[in-house]
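Put the two chains together into one complex; each comes in its own frame, and the hints tell you how they fit.
Heads up: the protein sequence lines correspond to chains A and B, in order.
For the first sequence, our numbering assigns the number 585 to the initial residue and increments by one for each residue that follows.
For the second sequence, our numbering assigns the number 10 to the initial residue and increments by one for each residue that follows.
Hints should not be assumed to be uniformly reliable.
Claimed, not checked - Not the full set, but computed from the structure, chain A residues with beta-carbon under 8 Å of chain B:
hint	residue
1	I587
2	L589
3	L608
4	L610
5	V613
6	N727
7	K908
8	G915
9	F919
To be verified - If you want the footprint, here are the derived chain A segments under chain B, 3+ residues with CB under 8 Å:
hint	region
10	732-739
11	745-753
12	868-881
13	921-928
What the hints assert, rightly or not - Within a straight-line C-alpha distance of at most 35 Å, the following computed DSBU-like cross-link-like pairs (lysine-lysine) qualify:
hint	chain 1	residue 1	chain 2	residue 2
14	B	K166	B	K307
15	B	K172	A	K908
16	B	K307	B	K172
17	A	K908	B	K166
18	A	K624	A	K908
19	B	K307	A	K805
Source of the hints: derived by calculation from the structure; they are not laboratory data.
Just so it is clear, CB atoms sit at the ideal spot from N, CA and C, and this is done for glycine as well.
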Amino acid sequence: MRIELERRGSASPLFSVISPILSLLLTLVFGAILFWLLGKGPLSALYSFFIDPLTEVWSLHELAIKAGPLILIAVGLSVAYRSNNWNIGAEGQFTLGAITGSILPVLVPSWHSPLVLPLMMVMGMLGGALFAAIPALLKTRFNTNEILTSLMLVYIAQLFLDWLVRGPWRDPKGFNFPRSLDFSSDAVLPPLLDSGRAHASIIFALLAAVLIWFMMRYMLKGFEVTVLGRSERAGRFAGFSSRRMVWFSLMLSGALAGLAGISEVSGSIGHLQPSISPGYGFTAIIVAFLGRLNPLGIIASGFVLALTYLGGEAAQLSIGISDKVTRVFQGLILFFVLSCDTLILYRVRIIFGAGKTLAEGKH
Amino acid sequence: MLEAILLTIITASTPLVIAAAGELVTERAGVLNLGVEGMMIMGAVCAFGAAHVTGYPVVGLVAGILGGALFSLLFGFLTLTLVANQVATGLALTLLGLGLSGQIGESFVGIPGVKLQPIVFPLLSDIPFVGPLLFRQDLTFYLSIALIIGVHWFLFKSRTGLKIRAIGDSHGSAHALGINVIRTRYLAVMFGGACAGLAGAQLSLVYTPQWVENMSAGRGWIALALVVFASWRPARVLAGGYIFGAVGILQLHAQAFGIGVPSQFLSMLPYAVTIVVLIIISHNRRTTLINTPACLGKPFVPDR
Numbered sequence: 585m586r587i588e589l590e591r592r593g594s595a596s597p598l599f600s601v602i603s604p605i606l607s608l609l610l611t612l613v614f615g616a617i618l619f620w621l622l623g624k625g626p627l628s629a630l631y632s633f634f635i636d637p638l639t640e641v642w643s644l645h646e647l648a649i650k651a652g653p654l655i656l657i658a659v660g661l662s663v664a665y666r667s668n669n670w671n672i673g674a675e676g677q678f679t680l681g682a683i684t685g686s687i688l689p690v691l692v693p694s695w696h697s698p699l700v701l702p703l704m705m706v707m708g709m710l711g712g713a714l715f716a717a718i719p720a721l722l723k724t725r726f727n728t729n730e731i732l733t734s735l736m737l738v739y740i741a742q743l744f745l746d747w748l749v750r751g752p753w754r755d756p757k758g759f760n761f762p763r764s765l766d767f768s769s770d771a772v773l774p775p776l777l778d779s780g781r782a783h784a785s786i787i788f789a790l791l792a793a794v795l796i797w798f799m800m801r802y803m804l805k806g807f808e809v810t811v812l813g814r815s816e817r818a819g820r821f822a823g824f825s826s827r828r829m830v831w832f833s834l835m836l837s838g839a840l841a842g843l844a845g846i847s848e849v850s851g852s853i854g855h856l857q858p859s860i861s862p863g864y865g866f867t868a869i870i871v872a873f874l875g876r877l878n879p880l881g882i883i884a885s886g887f888v889l890a891l892t893y894l895g896g897e898a899a900q901l902s903i904g905i906s907d908k909v910t911r912v913f914q915g916l917i918l919f920f921v922l923s924c925d926t927l928i929l930y931r932v933r934i935i936f937g938a939g940k941t942l943a944e945g946k947h
Numbered sequence: 010m011l012e013a014i015l016l017t018i019i020t021a022s023t024p025l026v027i028a029a030a031g032e033l034v035t036e037r038a039g040v041l042n043l044g045v046e047g048m049m050i051m052g053a054v055c056a057f058g059a060a061h062v063t064g065y066p067v068v069g070l071v072a073g074i075l076g077g078a079l080f081s082l083l084f085g086f087l088t089l090t091l092v093a094n095q096v097a098t099g100l101a102l103t104l105l106g107l108g109l110s111g112q113i114g115e116s117f118v119g120i121p122g123v124k125l126q127p128i129v130f131p132l133l134s135d136i137p138f139v140g141p142l143l144f145r146q147d148l149t150f151y152l153s154i155a156l157i158i159g160v161h162w163f164l165f166k167s168r169t170g171l172k173i174r175a176i177g178d179s180h181g182s183a184h185a186l187g188i189n190v191i192r193t194r195y196l197a198v199m200f201g202g203a204c205a206g207l208a209g210a211q212l213s214l215v216y217t218p219q220w221v222e223n224m225s226a227g228r229g230w231i232a233l234a235l236v237v238f239a240s241w242r243p244a245r246v247l248a249g250g251y252i253f254g255a256v257g258i259l260q261l262h263a264q265a266f267g268i269g270v271p272s273q274f275l276s277m278l279p280y281a282v283t284i285v286v287l288i289i290i291s292h293n294r295r296t297t298l299i300n301t302p303a304c305l306g307k308p309f310v311p312d313r
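If we strip away everything but chain B, and leave its shape as in the complex, we get (with noise of 0.2 Å):
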């Protein structure tokens, strides 16, 4: 039982993370996109639609991460080539995402989804208990590890990353250096966009395979306030998303048990936690200030 509940909720958490990772690069290049659940739900969209297609959910899922990439493009092209306001574009490419994924996915209501089928480690995954919920996973879920680990060498330890940050933190000074600011916050936003369809591609591929409209339920946006939970650090993002996904699940087993409290009372229990979590973090304005990126959400046109 206690095997079969926290299986579900590393399923659950993975898009979490995998989505927030993706932000947190972005944001760390001083860029705000709030279209992760936009980019997310195209990511599902395109991931099915491949996967259904093909009959290999292994090109779905570089489907949903090609199309999440693509659409952030088109935030990089409004926010960086043409400075639009980065709160009213990220809302936009939400807006478009879900509007666009339900036409897309139209066609694709009531098909069976093509299930991602686990990656079984030999061995390994006939150690008792911790074998079948670390190593008899889907593919996403090494990713979503690789891809914390991974971001957190790239930004504290690579030159790059470290650019990143500069650019994130001052995008002037960065420019002054002669680092090319738009070119990389573009590859910043693209990184973003990818991850977020490769949560989209989870979701439609592994959470539940198959297409329902609006299937990504508001978790972008929640991987968007994991990152504020996170202040902007990878290995507390892979933290977070595990606390929200768990509270996504237990309360899912809470209504299935029926504990006398309305059902529609635990579905809201996600997102009154984002908000309570969202207080706790912000609460103290100094550590905000110290840890958010200085230009986050700035525009920046060069001067030349």
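Excised from the complex, chain A in its bound form (with noise of 0.2 Å):
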């Protein structure tokens, strides 16, 4: 048996809509292939994985509480990665925005103002677009592998935050808990209704889309990432630095992932600890390929992958397996988004036996 590819004249309309839809099925099937292999009924352990999660209000609010940071940080990465800039680093830009976003509350706890909030989550994403600016600097000034140093900067923003709340910014109140005072009620992003616990991230995220959607497909802007992504040497004979873009694409997937961490931390934690992610700035890879690179195809892979997360919560209590399962299929749904991405570009022939290949048929 083998599989040939022929190319198409142009990429498939159709198949860009089924390939992430397909993408789904085929992990759900290997869903339920692992549930089997872990002696649950596989049926009734994805029903409680991806259906349970969506029934009771308060676990709506959940969805959207997770959502909303994966959807910031991805809808930034789609655009560092339409512009072939390649930041996975974006964890730690999570956790700097968590930092700097802090700042106010933690050394000015008592000054009290409607200006707090605002201010935050400005200082967040100035956090965020500086530390990938680390990155953007070397790749532009010492030619340094993006991929690598915006990995490495991860491991250094949580060492640097796991020592902020062990060390400087401990409460001193806090029984020696490694974690920071809790934040007062000027500095806490409120809920958005009284039905539960979401608040404004998932909001910033639905605007950052929306709006990054209308800089790609209405401004020359978007139309600069997109040329300078797909031939940067197009790009140079258009006028386009493609300099400014490692700076310009970087910074931004920076800001929104820092504005993701600040939210985060300001409205679902409350306070600064050694751990503030369950691997937001990962899983927005993911968010991203799965949406395409689409910002609005993004807002709907969000929400699957916030699922992932409740579900590996929900299965843990009610069906007893491990909540590590959700990063399997985390990983499966990503497999499988770029496996079937190659149906949009190519046709896909499976010949079984010795059979002639394309051209030989064709002689």
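Printed below as a string of structure tokens:
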């Protein structure tokens, strides 16, 4: 058996839509097999993983809480990836945004003003953007690979946060727990509705997605991103600077990751602690690809991946499987997305036995 | 004291050297597999499991190698057969590997592991200082040295090595010469996977003989940086591996001594050093261009 690819004349619009759906279906099939291997009824397990969390109001709020940071980060990453700048350190930019955004509530807790929250958000974005500027500087100035540098910075940011909350920022009245003091009510993103915990991060996310979608579709900057990403040479002929694009795309994705970080800390946690993210920065990579690097697609895929987090927690309680299965699911989704994307650009033929190759068949 | 420190440095450097040697061959064939971290952790969990079940750490080593190689096939299928984006697929491999290993290893947590025992060379190991360092090591250390020599010989002295380098530098020309690009790349990817798996096995059988989730702790990524640092030359992988290993161990000793710097900042050192080293190596654009395999990361669809 052999698989042969034949390039399509142009990207297939049909398969651009089918591919993410197909990959989700394949994930479900493999998920069922996985549950079966773990000795659980596949269908009931899938039900409690993917449907149960959608049946109650509080869990819908949790869904929005998890989807917010995922969408925010992924939308920024989509711009970076489209321009061929591989920022995979969003987890670090998320962490640093959370730290810089927390400067006000931690160091000046006595300042009460409606200005506190907006300032925190801005400082979070600045922190994330500046942290992402490091790989940008290294790439433009020293030609280093941004994949490796941005990833190394994740470890550095996490250790820095760890030091802060165990050292200078530790709450003196916190019984020696490694955490900062609780944010005052002026520094906490309030719940949107009375029915649950969901806060403004999901609004930020939807807003960012729509704005970036508009930029990519109707603004020169978006065109610049696409052209430079497809062909740096062509972009240079059009007068676009690939150097400036490195800065722009990395800092934009960093700023959005930073905003996600401070919103998460301010809205969901209420203080700083050593661990503030269940891997949002890495899962957002999957969100970006499942959404086909399209901001509107990312909104949908963000909710899907948020569901895998909730499903993992729910399945742990209801059918007693480990929540580690969540990360298996997330990895599987990305694999299937990437393989199904082949269908968009290529016709795939599966040839059984020692069949002739395409060209020989045509002669 | 010095001997003890050097011993731990050797143990810490060995997995880096092994994984980087494998990735070097993969990249020389023009394939950028960013999934080293994922293959490493899969190797670690397979090795621990097999050693635990059978009681033989050597079986664990073999299981680690097989686990890493099989896992890399997934990457090969996507990037070589389906021509998926190599960067994204490598990330997917890492994310899936970290998740899958956590799931597989769930029942291994807290179980005491089986340690791979050192091989003692008679007489030679009695030489003071040098003996314990070089002739009383476990199998993985000897394998890592053999691997560096073997990879160097294979890439630069053998015919297949020449083919691999040709494919990495110009897959179109290699294809026109009748070399089976896809098949060779599959083998190079699997070699990289096997090495990453072996490196992972070293972690769970020698370095810390137990299973801890995410125990690779970024070593796969450091191995990737090591290949860039070595400018795709095996001997430099050995040197670089020991530099990175030494930084990791010395910062641990510095933490134990308590030199007044918060432990978190010392823990940052290996990652910070990686960045600094990348800057030093990459800043000369021309030498980077000369050394990098020209087709690294580029998709290849054979025209017929």
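Between B:K166 and B:K307, does the CA-CA distance stay at or below 35 Å?
-> holds, 26 Å
Are three or more residues of the region 921-928 of chain A within 8 Å, CB to CB, of chain B?
-> Since 4 is at least three, the answer is holds.
Decide if the proposed pair is consistent with the structure: B:K172 and A:K908, CA atoms, cutoff 35 Å inclusive.
-> Violated, at roughly 42 Å.
Please work out if A:K908 and B:K166 have their alpha carbons no farther apart than 35 Å.
-> violated, 46 Å
Given A:L610 as an interface hint, is the shortest Cβ-Cβ distance to chain B below 8 Å?
-> Cβ of A:L610 sits 13 Å from chain B, so the hint is violated.
Quick check: the region 868-881 of chain A, covered by chain B? Criterion 3+ residues, Cβ under 8 Å.
-> holds (count 3)
Taking the least C-beta to C-beta distance, is A:L589 closer than 8 Å to chain B?
-> holds, 6 Å
When the nearest CB of chain B is found for A:N727, is that gap smaller than 8 Å?
-> holds, 5 Å
Double-check A:G915 for me: the hint is only fine if its C-beta lies closer than 8 Å to a C-beta in chain B.
-> At about 3 Å, which falls below the 8 Å cut-off, the nearest Cβ of chain B leaves the hint on A:G915 intact, so it holds.
Classify the hint on A:L608 as holds or violated, based on whether any CB of chain B lies nearer than 8 Å to its CB.
-> Since chain B brings no Cβ nearer than about 15 Å to A:L608, farther than 8 Å, the hint is violated.
Status of the hint placing A:K908 at chain B (closest C-beta pair under 8 Å) | holds, 4 Å
Tell me if A:F919 is really an interface residue toward chain B, meaning its C-beta lies closer than 8 Å to one of theirs.
-> Holds. Min distance 5 Å.
Figure legend: structure checked against the earlier numbered hints; hints not met, in rising order: 3, 4, 5, 15 and 17.
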